[in-house]
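Keeping the supplied structure of chain R fixed, place chain W upon it in accordance with the hints.
2 protein chains.
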Amino acid sequence: MGDPSIIKPELEQLLQDGTSEEIKSFLEGQHPYDIAEFISGLEANEIARIVLALGEPKGPDAFQKLETEQQVDALGVMPRRDGARLMEAMDPDERVDLIKALPEDEAERVLPLIAQAERNEIARLVSYDEGTVGSVMTTEYAAVKADLTVAETVSELRRIAPDKETIYYIYVIDESRKLVGFVSLKNLFISSSHARVKDAMKSDVKHVLATDDVEDVAKVVKDYDLLAVPVVDDGGRLVGIVTHDDAADVLEEEATEDMYHYGAAGEHLRYLPTNPFSLARQRVVWLILLAAVGFISGTIIHRYEAMITSVFALAIFIPVINASGGNAGTQASTVIIRGLATGEVSLTDSLKIFWKEIVVGLTIGVVVAVVGALRGYLLENSIGLAITVGLTMVSVVTFATVLGAVLPLLFKKLRLDPAVVSGPFIASVLDVVALLVYLEIARAVMRI
Amino acid sequence: MGDPSIIKPELEQLLQDGTSEEIKSFLEGQHPYDIAEFISGLEANEIARIVLALGEPKGPDAFQKLETEQQVDALGVMPRRDGARLMEAMDPDERVDLIKALPEDEAERVLPLIAQAERNEIARLVSYDEGTVGSVMTTEYAAVKADLTVAETVSELRRIAPDKETIYYIYVIDESRKLVGFVSLKNLFISSSHARVKDAMKSDVKHVLATDDVEDVAKVVKDYDLLAVPVVDDGGRLVGIVTHDDAADVLEEEATEDMYHYGAAGEHLRYLPTNPFSLARQRVVWLILLAAVGFISGTIIHRYEAMITSVFALAIFIPVINASGGNAGTQASTVIIRGLATGEVSLTDSLKIFWKEIVVGLTIGVVVAVVGALRGYLLENSIGLAITVGLTMVSVVTFATVLGAVLPLLFKKLRLDPAVVSGPFIASVLDVVALLVYLEIARAVMRI
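In order, the protein sequence lines correspond to chains R and W. Residue numbers for the first sequence follow our numbering, so the first one is 1 and each next one is one higher. Residue numbers for the second sequence follow our numbering, so the first one is 1 and each next one is one higher.
Treat each hint with caution, since some may be false.
The list treats identical chains as one, so a pair stands whether inside a single copy or across any two.
Stated by the list, open to error - Computed cross-link-like contacts, DSS-like style, restricted to lysine-lysine with a CA-CA straight-line distance of at most 30 Å:
{"#": "1", "residue 1": "198", "residue 2": "58"}
{"#": "2", "residue 1": "219", "residue 2": "186"}
{"#": "3", "residue 1": "178", "residue 2": "219"}
{"#": "4", "residue 1": "24", "residue 2": "219"}
{"#": "5", "residue 1": "164", "residue 2": "186"}
{"#": "6", "residue 1": "413", "residue 2": "352"}
{"#": "7", "residue 1": "24", "residue 2": "58"}
{"#": "8", "residue 1": "206", "residue 2": "58"}
{"#": "9", "residue 1": "202", "residue 2": "8"}
{"#": "10", "residue 1": "164", "residue 2": "206"}
{"#": "11", "residue 1": "164", "residue 2": "145"}
{"#": "12", "residue 1": "164", "residue 2": "8"}
{"#": "13", "residue 1": "413", "residue 2": "8"}
{"#": "14", "residue 1": "24", "residue 2": "198"}
{"#": "15", "residue 1": "58", "residue 2": "100"}
{"#": "16", "residue 1": "352", "residue 2": "412"}
Since the hints were derived computationally from the structure, they do not count as laboratory data. These numbers were taken from a predicted model, which means no experiment stands behind them.
One chain only, chain R, in its complex shape (with noise of 0.2 Å):
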């Protein structure tokens, strides 16, 4: 990739006094990631013309890695049948998704110029809901029936190849379109030339369904170190591909909305171009929510006023008796929430990992028990303070584990996302309880 502090200033020279066949020739080493990320920041009018410029592919391609509403944005401004043009050399599944961002009366002038076959592909693909395997996926994949010849497929294989995403894995179908079998080009290469690929290929092949969850597809792609993954429809048959870079971008999207969650941060909105008020809705809701579980807080401490004010001590360490719960519980979940996500812990380990929460949270509860107590006796020379805040340490955060585990795993059994249970709502639903534990004992231990 060229220095961007270079390219850029001479591409914006190149936009106002050059031609566009100069456009063209200055970006054409240039790959497509780089050249939208060169152009990300441009006017639309500005985009559209580098795309047009650019040609095919390399100005479909490009264009096709700016983000959705960027493309939204220079496709209103570009003559129609150019626009129509360069939709029709997207590719499959990324078209789908700017023509769902469309606005309604712009698809309707631009759809018609389309040619009948992408139009029925796009049909077909707008029809998968958000969420589901049929909204990423490609039909651009390679398909031959299964009583072609090595040789045949290889010469059919050159043939299609500059419309497929992938020639590597190729997929066998019947009459119907069934899917019944798989190869890999490089098992191809090894058979012989004169056999059939009925009897190169795999008949047990894995694959999914087009309403699927996409997130579980990626992970499969992932897992088995796949190219791609075939997807089929209720009958079985061969419907389109997930191809191992939008199984990618998939998993990524996800990690990253499992942290937003897990933050208490909302959705997950593109930083940059959002403005901060749109920024703050996301934010808000949250707080408000937690400063609510916060005023429970507040009218502990304010029915055990006397309490309070006749040995104050006692509120010197609120702070470290919730800080501690609510640390404890969030690196818990933490550790539980990524393990699901991964698949490094499932829901069938549960009960392990009960058991093994409540000995890490014992372990780290007496450590932190011993700094308490040890501090609350050097500060007042209290046992009995010594021995309050010991106790409520050890019980709140052996407590704060165990909960902060099984919660995600609860939100999980039921369906629900597991990173909601996020880290400053595992500390504010501790806080509540550490006060009343904390307060509790020391009425006990203290007598007052």
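Frame of chain R; chain W shown alone:
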């Protein structure tokens, strides 16, 4: 994949009374990933028996999908010659991970039995530091000379296919193994058979150094939708490739480490096989550090004892003020840490982020402050308390938001891991700040 609840018991039965042939034919139809799942819970000697019974290539393929510790254990109970044979058949990148994990005496016993070619390869790969590209790359790539014809290249690929991890990307080298070009098998297919490789190839190849950071390289593979990226040494000589599946593993592990750091949960250890005391040790260090910060908050409360006991209502709002600051800081740092990890934002956006977060912080600060002030007024019917709580919340939340966004950028600038700015860490630091701000505002507004 077969149903584990059926396959596992049958497999255990076969281990007791079956022959190696029966074990082999029972598992033969399964994917290596699934076989590894089935056998990962078994004893080392059972794993060894199954892997050897499977033979090549399925035995080594399944074996290298196991965790490294399990590989070490199983290798320890195998006849040495079988172990050496197994290691010869492993992928070079997986093999070197295993060798690094072997106890020294065991490595010394098994290494001399491995064929010379593989031993040279091991010596080369083992020299790369953890975290570098060299430590994850494989040497089983396809490379050809530039003056071969396309037809010659295709028959060369047929010949070497069985030994290569991928033949879909072909790297072109000169006499001294310098990387001079690249062509995909798909492009070879599109080219005329009589053309020379040098005419079909792209000579400006995206490549990386063996000493580069593996996480950066994994991101390159993902962003550019590559099947693999070529790795060169200082002299530009081709020494290996990093494949898309290894890149995906690197990115997954990176996301896991980020999340662990972010949850203040220490370093990532594999959950199920690790004993609870090792897990506890990872977490307790942070817990004590954060408790120490909690003690500072306690000291502040101690200092302001007279003020708090004279207007006890102040104590009631400490939890909600602390929670709001901590949560707002956590939200902002979540957004920025994840943005830095995925490349959605970068250090060059720092100023933009700073201004944006001031607006975001003020917006959510005002909303939360209104809620807090209202509650303050309703609880005590005191305008002074309402103003104190409101002013505190708007300033603490704004400050927390900006700090939460800026700290990860600062850490990144200092070449530290931004995710070390964990949610619990930010929350604890903000507790201290919030308390001071709160009590000083109270002193000024309420004249106490």
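Hint check results:
1. 198 - 58: between (37 Å within a copy, 21 Å between copies)
2. 219 - 186: both (23 Å within a copy, 26 Å between copies)
3. 178 - 219: Within one copy only: 24 Å inside, 37 Å across.
4. 24 - 219: Intra 39 Å, inter 27 Å, cutoff 30 Å: inter-copy only.
5. 164 - 186: both (17 Å within a copy, 9 Å between copies)
6. 413 - 352: The answer is within: 16 Å in one copy meets 30 Å, while 41 Å across copies does not.
7. 24 - 58: For residue 24 and residue 58, only the intra-copy Cα distance (9 Å) is at most 30 Å; the inter-copy one is 49 Å.
8. 206 - 58: between (33 Å within a copy, 17 Å between copies)
9. 202 - 8: Between copies, since 24 Å is at most 30 Å while 49 Å is not.
10. 164 - 206: both (21 Å within a copy, 23 Å between copies)
11. 164 - 145: both (17 Å within a copy, 27 Å between copies)
12. 164 - 8: Classified as neither: same-chain Cα gap 32 Å, cross-chain 40 Å, threshold 30 Å.
13. 413 - 8: between (50 Å within a copy, 24 Å between copies)
14. 24 - 198: between (46 Å within a copy, 24 Å between copies)
15. 58 - 100: within (23 Å within a copy, 44 Å between copies)
16. 352 - 412: within (16 Å within a copy, 38 Å between copies)
Violated hint for the displayed structure: number 12, the only one.
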